[in-house]
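Protein chains in written order, with the working numbering: chain Z, 17 to 341; chain G, 98 to 393.
Rather than coming from a laboratory, the hints here were simulated on the basis of the structure. Source: prediction; values computed, not measured. Even for Gly, the Cβ is constructed at its ideal location relative to N, Cα and C. Each hint should be verified, as a subset may be incorrect.
What the hints assert, rightly or not - A short, non-exhaustive set of chain Z residues, derived as facing chain G with CB atoms under 8 Å: (1) Leu50; (2) Val168; (3) Val178; (4) Ser183; (5) Thr313; (6) Ala317.
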Amino acid sequence: MHTIGRALRHPLALRLATSVVTLLGVALVIFVVLHVLPGNQVTASLGVSAGLLTPEQRAALDRYYGIGEPLPQQFASWLGSLLTGNLGVSVIGRQPVAALVATALPVTLELAVVAIVLGLLWGIGLGVLSASRPRGLRDGIGQAVAVAGLGVPSFVIGTGLVSFLASAFGYFPNSEGYVSPLVDPLLNLQQILLPALALSLGIGAAVMRTTRSSLLEVVGQHFVRTARGKGLAESTVLWRHVFRNALLPILTMSGIQFGYLLGGTVIIEQIFVLPGLGRLLLEGIGNRDYALVQSITMLFAAGFVLVNLLVDVLYTYADPRVRLQ
Amino acid sequence: MSVLTSAEAVAAPPAVLRGRPGWASRLARTTNGRIGLVVLCLLAVASVVAATGVLPHSPAAQHPDQALQPPSGIYWLGTDQYGRDLFARVLAGLQLSLQISVVAVLISTLAGGLAGICAGFVRGWLEAVVLRCTDILFAVPSVLFALAIVTALGHGWLNSAIAVGIVYVPIFVRVVRGPVLALREADFILAGRGLGFSTWRLLGGHVLPNVAGVVIVQVTLALAWAFLTEASLSFLGLGPPAPSASLGKMVGDATSLAAGAWWTLAGPAVTIVLAVIGLNLLGDALRDAFDPSSGT
Numbered sequence: 017m018h019t020i021g022r023a024l025r026h027p028l029a030l031r032l033a034t035s036v037v038t039l040l041g042v043a044l045v046i047f048v049v050l051h052v053l054p055g056n057q058v059t060a061s062l063g064v065s066a067g068l069l070t071p072e073q074r075a076a077l078d079r080y081y082g083i084g085e086p087l088p089q090q091f092a093s094w095l096g097s098l099l100t101g102n103l104g105v106s107v108i109g110r111q112p113v114a115a116l117v118a119t120a121l122p123v124t125l126e127l128a129v130v131a132i133v134l135g136l137l138w139g140i141g142l143g144v145l146s147a148s149r150p151r152g153l154r155d156g157i158g159q160a161v162a163v164a165g166l167g168v169p170s171f172v173i174g175t176g177l178v179s180f181l182a183s184a185f186g187y188f189p190n191s192e193g194y195v196s197p198l199v200d201p202l203l204n205l206q207q208i209l210l211p212a213l214a215l216s217l218g219i220g221a222a223v224m225r226t227t228r229s230s231l232l233e234v235v236g237q238h239f240v241r242t243a244r245g246k247g248l249a250e251s252t253v254l255w256r257h258v259f260r261n262a263l264l265p266i267l268t269m270s271g272i273q274f275g276y277l278l279g280g281t282v283i284i285e286q287i288f289v290l291p292g293l294g295r296l297l298l299e300g301i302g303n304r305d306y307a308l309v310q311s312i313t314m315l316f317a318a319g320f321v322l323v324n325l326l327v328d329v330l331y332t333y334a335d336p337r338v339r340l341q
Numbered sequence: 098m099s100v101l102t103s104a105e106a107v108a109a110p111p112a113v114l115r116g117r118p119g120w121a122s123r124l125a126r127t128t129n130g131r132i133g134l135v136v137l138c139l140l141a142v143a144s145v146v147a148a149t150g151v152l153p154h155s156p157a158a159q160h161p162d163q164a165l166q167p168p169s170g171i172y173w174l175g176t177d178q179y180g181r182d183l184f185a186r187v188l189a190g191l192q193l194s195l196q197i198s199v200v201a202v203l204i205s206t207l208a209g210g211l212a213g214i215c216a217g218f219v220r221g222w223l224e225a226v227v228l229r230c231t232d233i234l235f236a237v238p239s240v241l242f243a244l245a246i247v248t249a250l251g252h253g254w255l256n257s258a259i260a261v262g263i264v265y266v267p268i269f270v271r272v273v274r275g276p277v278l279a280l281r282e283a284d285f286i287l288a289g290r291g292l293g294f295s296t297w298r299l300l301g302g303h304v305l306p307n308v309a310g311v312v313i314v315q316v317t318l319a320l321a322w323a324f325l326t327e328a329s330l331s332f333l334g335l336g337p338p339a340p341s342a343s344l345g346k347m348v349g350d351a352t353s354l355a356a357g358a359w360w361t362l363a364g365p366a367v368t369i370v371l372a373v374i375g376l377n378l379l380g381d382a383l384r385d386a387f388d389p390s391s392g393t
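So that you can see chain Z by itself, here it is in the shape it has in the complex:
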């Protein structure tokens, strides 16, 4: 009992608890937003013919989808089944939502991971290049690229890429349908690389700017002068002293940008015809498919909360002065 009490006072446990509370709040917000919707699963799946149903049939269908009950009860039962992994039944071919999500999740995950890796790579690289000669030519080019990255929406660059490659080279690797990396790694890479590149534009730009300003701020500090003064090699000064201290804001920015990235997958998957969660979500919105939309939005929010929890934990490793609160 005593150890449990102490474990609960551990900062990580506390941080976990706030994440859970946040997710509960998200669930409530999503539920409230979606239930203001006119129309429900019955009218959505049957269309106009829903009007032909007898009251008994209608009641039976309402019971089937669990939408006859009062809203608080619906919310509680949805939350309960969510926790047990039962996400409900989609109007798409009466398939369980969990199964639909399970097939779509790896696609989105692959896209998100490749995009964030690309974004971090070119963002940090360009940021370091820019900061190495502030106000020089390199810096000017770097900053211009960042401004363009923030200003060109991913759907514009995506649409541009697709039409340009298709018209100029007849190249559109996504036209034959998505191929799993386990089946044909090379084709899969071609299918993922372009959308991931389009997605990485905004993240990379934000990361680049944070890297640049953070590096410039750290470089001017006394401990860097001290490190140089005591005769450390320039590379040691840069990597162990400057970069490590500049890493914190970059980490935070990456966490925040991850949310932007998740939103971006919805659009990018649509353009590049990738059967991921974003595409499934749009399909769900079109069909007024509550179970599907609720589950996917929850999943995105959970992913975002989880990544930011991870960022907080990494923070304490990168900077021992920082403690979880």
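Given the coordinates of chain Z, assemble chain G onto it according to the supplied hints.
Just chain G now, kept in the frame of chain Z:
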């Protein structure tokens, strides 16, 4: 300098005491600020032109025999698959997007700013509740959240504005609360309290003017994000309904056309990029102007 009237001569302090130039002149001196201001003026003029309807072609008039014409002297940006003039449509779409963005940012500034000021100044349980709500709203990716709200409310420009506005409320809460927390303990606020000023007088007369700079910067940046989010919604087909021209929707329509008719993509895409970059640059320049220690 020109001749000063006697009152001005008395009022104007010597140059040494006048200190550094004001934020407006500092803004106009930076390249970013200049570009941003020029773009903003261009956007405003284009919207006014679109609103007055003085253009030779109407954005909705279809001319099937003129479908997919490349840019020319008659059709400056070419025509789309229904033979509609793309120049007129781009301007009309720009005007609609700006209208939605401005209303959206107005919503988030008022709601977020108010919540942020209250949370920072009153503190206590109110602050705890506001911050928790902010966390929750932050956890849902913005495009996703706007999608859900627009689906619930239905299509239409005002609904888009409300959806985009709600999405950006939390940012204003956070941005405003920080400085208010610091101001709360500032000497001049304590002095005001000591003199028996009411909370409203302190907030309106002393706190608000001091966070105005932060808010102005955020409003400019939020306009860029709102513009982008609105375009994304329209791109996905969840913007204002069909007859009205919308930049995001035009990019979406161009997906299937651009391979053979690049101009269907170029006009709306360049306009979106120009608007977002211009607003971003202006926001950056404003931030530097208000807080010279930050950034570049």
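Can the hint on Val178 (chain Z) be confirmed by a CB-to-CB distance to chain G that is less than 8 Å? Result: holds, 7 Å to nearest chain G Cβ.
May I ask you to test the interface hint for Thr313 (chain Z) with respect to chain G, counting a Cβ-Cβ separation under 8 Å as satisfied? holds (6 Å)
Given Ser183 (chain Z) as an interface hint, is the shortest Cβ-Cβ distance to chain G below 8 Å? holds (4 Å)
Hold the hint about Val168 (chain Z) up to the distance rule: shortest CB distance to chain G must be less than 8 Å. holds (5 Å)
So, Ala317 (chain Z) near chain G? Judge it on the closest CB pair being under 8 Å. holds (5 Å)
Given Leu50 (chain Z) was flagged as interface, is its beta-carbon under 8 Å from a beta-carbon of chain G? holds (6 Å)
When each numbered hint is compared with the structure, no violation occurs for any of them.
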